[in-house]
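**Student:** Each chain is listed here by its residues.
There are 4 protein chains.
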Amino acid sequence: MPELSTQYLNEAIEDSKPFASQGSVNAAIPTFDDTMKDLLGVTIITKDFEIYSAGDYKQNVPMQSTSKIIGLMLALQDFGKDRVFQTVGMEPMGDFFNSISSLESPDTNKPFNPMINAGAISVASLIKGQSVDKRFERYLTFLKDITENDDLEMDESVYQSEIANGARNRSLAYFMQSTGTLVTDVEEALDLYFRMNSIMMCCNDFARVGLFLARGGIDPDGNKLIPDHHLRTVKAIMLTSGMYNASGHFAVEVGFPCKSGVSGSVIGSVPGKMGIGVVGPAIDSKGNSTAGGALIKKLSKDLELNMFGIENTAGE
Amino acid sequence: MPELSTQYLNEAIEDSKPFASQGSVNAAIPTFDDTMKDLLGVTIITKDFEIYSAGDYKQNVPMQSTSKIIGLMLALQDFGKDRVFQTVGMEPMGDFFNSISSLESPDTNKPFNPMINAGAISVASLIKGQSVDKRFERYLTFLKDITENDDLEMDESVYQSEIANGARNRSLAYFMQSTGTLVTDVEEALDLYFRMNSIMMCCNDFARVGLFLARGGIDPDGNKLIPDHHLRTVKAIMLTSGMYNASGHFAVEVGFPCKSGVSGSVIGSVPGKMGIGVVGPAIDSKGNSTAGGALIKKLSKDLELNMFGIENTAGE
Amino acid sequence: MPELSTQYLNEAIEDSKPFASQGSVNAAIPTFDDTMKDLLGVTIITKDFEIYSAGDYKQNVPMQSTSKIIGLMLALQDFGKDRVFQTVGMEPMGDFFNSISSLESPDTNKPFNPMINAGAISVASLIKGQSVDKRFERYLTFLKDITENDDLEMDESVYQSEIANGARNRSLAYFMQSTGTLVTDVEEALDLYFRMNSIMMCCNDFARVGLFLARGGIDPDGNKLIPDHHLRTVKAIMLTSGMYNASGHFAVEVGFPCKSGVSGSVIGSVPGKMGIGVVGPAIDSKGNSTAGGALIKKLSKDLELNMFGIENTAGE
Amino acid sequence: MPELSTQYLNEAIEDSKPFASQGSVNAAIPTFDDTMKDLLGVTIITKDFEIYSAGDYKQNVPMQSTSKIIGLMLALQDFGKDRVFQTVGMEPMGDFFNSISSLESPDTNKPFNPMINAGAISVASLIKGQSVDKRFERYLTFLKDITENDDLEMDESVYQSEIANGARNRSLAYFMQSTGTLVTDVEEALDLYFRMNSIMMCCNDFARVGLFLARGGIDPDGNKLIPDHHLRTVKAIMLTSGMYNASGHFAVEVGFPCKSGVSGSVIGSVPGKMGIGVVGPAIDSKGNSTAGGALIKKLSKDLELNMFGIENTAGE
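Sequences listed follow chains A, B, C and D, in order.
Residue numbering for the first sequence follows numbering that gives the first Met the number 0, beginning at 0 and increasing consecutively.
Residue numbering for the second sequence follows numbering that gives the first Met the number 0, beginning at 0 and increasing consecutively.
Residue numbering for the third sequence follows numbering that gives the first Met the number 0, beginning at 0 and increasing consecutively.
Residue numbering for the fourth sequence follows numbering that gives the first Met the number 0, beginning at 0 and increasing consecutively.
I should point out that these hints are in silico values taken from the structure, not numbers from a laboratory.
Note that the structure is predicted; figures quoted are calculated from it, not measured.
Take the hints with a grain of salt, since some may be wrong.
When chains are identical, the list treats them as one kind, so a pair holds in a single copy or across two.
[Claimed, not checked] With a straight-line cut-off of 25 Å between C-alpha atoms, the simulated DSS-like cross-links for lysine-lysine are: (1) LYS300 <-> LYS223; (2) LYS36 <-> LYS285; (3) LYS296 <-> LYS80; (4) LYS285 <-> LYS127; (5) LYS300 <-> LYS80.
Whenever a hint applies, use it, and build me the whole structure from the sequences.
**Tutor:** Put into structure tokens, the structure is as follows:
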């Protein structure tokens, strides 16, 4: 097993970069262009706060779907597990993240899980606050605490693009209103959801989120922000549903909780061990970073991070 | 944390038994009747071969869907991962285990995963052997090796019932033939599948299967039967898809790989730690043992077995 | 064969009224209440302008889905058949009128037909005019011409209720925007659609619409408003899709073009012979008037109006 | 309006032939090859038994799906409307003719209609007789009576091909067995269905079937074989569902009952007027003859056969 080091990460980046050619950059993100296709960066932070970075790890990209796990943590804090999962399920499903037909299924009266768009909008509608501004402020403050990065902010152009291209999400939200799943103001829930997706982060920030989940919900100052049982819930749902409709593939090939975004971002969380942040803007048809996915598989294999292997257990 | 002991297990059984009243016994299984509704048994075998049993742990029930993980191991041995997953996917899905509409989806040319009926029939079609008899003999020998139980055998009445009630599985198999997914003889694949489901096992046998997966694929004589990477694959798929369309729920509430059968059986596998076998014939509408599910959730919580918790890691 | 007369219609009403008990009044319509459940009225106007009425034929109800055929005629006038059917299909389907999953089907890039909500919203988006007000004015003027009823107007409370309960239709419209099917302003298309549904009409008005279609698109003053080929298109689509997902049933049991609305209204059009207007507010789970449906089946049988019978042909 | 004559039909054939290039010959039919792609023939028989033919009208092709309307007539005779439509619906649907997901819909416990494969297999299972041989003999005798053609017979190679390529139909049939829709022996129902599809007919035979339906169910000897109400039922279902998932298109563009088969055959029935038989082996992706479809649209327009036009009515 290779030792975790900057040099190892540099080599891993070089190995994984060629996979970028199999993907394409999301044209809907205004801060993106084709020159970014070959970017690939990674940051790993261990439970003892050792930090390793390589490649384009300083590149900022919008959170997109990685925001879904932050929203879920806040909603669990605000309302508890029972109430949250009255609104959204916790079952993985095989459809695309923006699928609407699953919402019409007579077997479900709610979105399958909080990692698909409908579910995340529904979860966002629960986050407490007297206005969208206040609710977003809470979200951002929580995220700054976790990442220890006070400079985090929303990119206005990404936010405007989310609104302009928001027809599908708007359709999902109004569908949920029609079935009684979404009981708060639809446009407010969408507005908050669009803002959450538009926060700009780099690999270090993503890695901090992964570490927060991996290390027991303790912020860098040692404050316990989220109880263990909520963290376990979030991580389990990441593993079964965090990588869009390739989640099963990543459960097998990576074997620890991950969450991707269509900005090519990936958050990895290895329970008790480390947080991983990856940015690689070229994504595949399912929405996952092609080079970033290759990289995180390599890390899992080389560093023996797969939770389903007996190497990665207390017992052996 | 309570110590794992027979007394603890006795108490856990008593706590979980009342949940049997929420389920019902599968009327299609000829060896079952309503008097079995309240049965509940468990066996745990640790990595050091300590054995703890409680309740109705001697009750034999047919394997039903728990056979799916044995079939998958054999097919992986016979053909390797690439070939197997040309035939079947590894993605979880939200539909019922005998769903056929997913097979007609234009996004998939194969069953979503090996834990649903269509996928398991497809996997069974791959198991090598010159005849159904030979193929089943291999299956049974492999199972005897794992469980160290030479008395395992198929129940003829269960097998006949599988055939008599096999219309849905037959429909799934012919559908796969029509799309080119199933290329071997359909009736032979079904016959093997029906036999595999009809083997009678008790809690100890189920626990041995869990232990085999948890302990690195080594049979009781110390022989390495299956390589680690195949075991990781099977366990990851169990976690995302092993408990029918409640797999997400069990990933959150139990947090280690499990596989259930409509006979009320559950195999649990805690990587590096232990195998768990549960029998509780009363099942819910999704096909999972109600009392058995409650029991396995309790074991996970009390004994801190949840893989997504930092307690269950080398690091803490 | 009984002669068409007021007395015959009175008897037909009495025969059909008991079927009202099998339906229920649409609670979402603010002008409706349970006291209206047993209402049933009918007006028949022959090609020679003989008028027969019976029962509660003076009862005004909102057009609801019967507006869909007026919208289709206007859009065909404005843009021609090719353009309209780029936006919407002409195939019947088996789903409910407000189904959204059909819009996600990879085989269709547009709503199945103009008689379901999505299709009608899409058609409404095509009606020409510089503002919603102007477009609605055109619609109303056209309807007044057809019905020779200058008093037709929208009910404000129905319109407000359409808006308030419009989440599903809004979801459908934004979905079509997301796929590029709906290219005009979504809220304007919805606003026009809601207004069209809210016009109050009685049996005589509905019968006039049926007669207009049956008699060659000639208004009472003898002006040819719509060419024959557009009328044939509308009538054929009414026959295959006009009675929600009971259209096949009505094609068999009635056998001439009909269009129903959830207000319990039915427009019948017997080519070359007559127009029929029915109002019976108690509707079944598919959205069709129970007593009105029974009545129109009886009329078809008694008066030999079924187009698939050889009695109703030039040749016999 | 042109006069119906052999010369007119010859011209119509020439006009329509070029559309053959848009289709392709069904490779699964053993009597077919690519040299047949450009064939196109037609026979029209009027209510007064005038016969007009043109093009390749002597070409024999297997009945394929055109057999569905014969099977439906026999089942209606044997069991009556109520019993038949307990087994199968009468609603059009938008899916392909061999779709299975519609059978899993919770809104339906039976196939949508008798014109799709599942529905036709279900209907075939109802045809009375003590063995498949006897049941097929009844079917063939009925067909000989209608067509006045004693030479009709099944093509053995087509029948064998139906069996060999029957996986999808077998899947449909076993699915219906699993839901209790198909209660007779599955393999017998399939065998009868395959034989029915394999009878060889030419344009004259197809036209005779159309005439039988159009002229009141009277065989050439003047015997009333099927009551009017059953004929109306069959014709209405042909109009809403007879041309696969292009039935709505043909209802608009042709406007009288038709039934197509994947052999490129089309039966047209103009109530009270005529029967039409068309053979043009090149079919489109939905299963309809491309040149044959063009021809039948032209006939409808030129000869004013569209039932939704006021020209084609007693009144004008």
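**Student:** If a hint holds in the structure, say so; if it doesn't, say that too.
**Tutor:** These are the hints, each one checked on the structure:
1. LYS300 <-> LYS223: So LYS300 and LYS223 pass the 25 Å test across copies only (21 Å; inside, 31 Å).
2. LYS36 <-> LYS285: within (17 Å within a copy, 41 Å between copies)
3. LYS296 <-> LYS80: This pair counts as between: shortest inter-copy Cα distance 16 Å, intra-copy 31 Å.
4. LYS285 <-> LYS127: Neither: 32 Å inside a copy, 34 Å across copies.
5. LYS300 <-> LYS80: between (33 Å within a copy, 16 Å between copies)
Going down the numbered hints, you'll see the structure goes against just number 4.
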